[in-house]
Amino acid sequence: MLEAAFWDGVEQFNHRQFYECHDTLEAIWMEAMEPERTFYQGVLQIAVALYHLSNGNGRGATMLLGEGLRRLGRYTPDYDGVDVEQLVHQSAAILEDLQQRGPEQAAELWRSLSTSPGCEAPCLPTIHPVR
1132 MLEAAFWDGV
1142 EQFNHRQFYE
1152 CHDTLEAIWM
1162 EAMEPERTFY
1172 QGVLQIAVAL
1182 YHLSNGNGRG
1192 ATMLLGEGLR
1202 RLGRYTPDYD
1212 GVDVEQLVHQ
1222 SAAILEDLQQ
1232 RGPEQAAELW
1242 RSLSTSPGCE
1252 APCLPTIHPV
1262 R
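Residue numbering for the sequence shown follows this note's numbering, starting at 1132 and increasing by one per position.
Source of the hints: derived by calculation from the structure; they are not laboratory data.
Even glycine gets a Cβ: it sits at the ideal position worked out from N, Cα and C.
Some hints could be false.
[What the hints assert, rightly or not] Pair ranges (Cβ atoms, derived):
hint, residue 1, residue 2, range
1, Glu1235, Arg1168, 15 to 25 Å
2, Gly1233, Met1132, 37 to 47 Å
3, Gln1236, Met1164, 38 to 48 Å
4, Met1164, Glu1235, 16 to 26 Å
5, Gly1197, Cys1254, 33 to 43 Å
6, Glu1227, Gln1148, 16 to 26 Å
7, Trp1138, Met1164, 17 to 27 Å
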């Protein structure tokens, strides 16, 4: 069962407070047991990847998006009330775009995600409960 603090991290994630989300999720990840531990780590890595992307660090973003996606793959389509499929889909689209553009274009990609009206693909990932 997911920790209540996880949902605090989700709120931070969805408000683009990726560094704060990292701190929140890292605290519960360090104490968690499997299978939650790997789930938290995957979400944490996506958050840190987006933090790197927002700072123009394309190499760090690419590496952590890949790692986070690899960890979250076994939790799709949903896990303990979280729509993992949507998070994975949105994150994979960013990774693909970043790989096509190259890591030196991270800042440009971030600006396009930050200003995408109507969340046209690829869009900035969000985490939602299963509907």
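### Task
List, from low to high, the hint numbers that the structure doesn't satisfy.
The structure conflicts with hints 1, 4 and 5, although it agrees with all the remaining ones.
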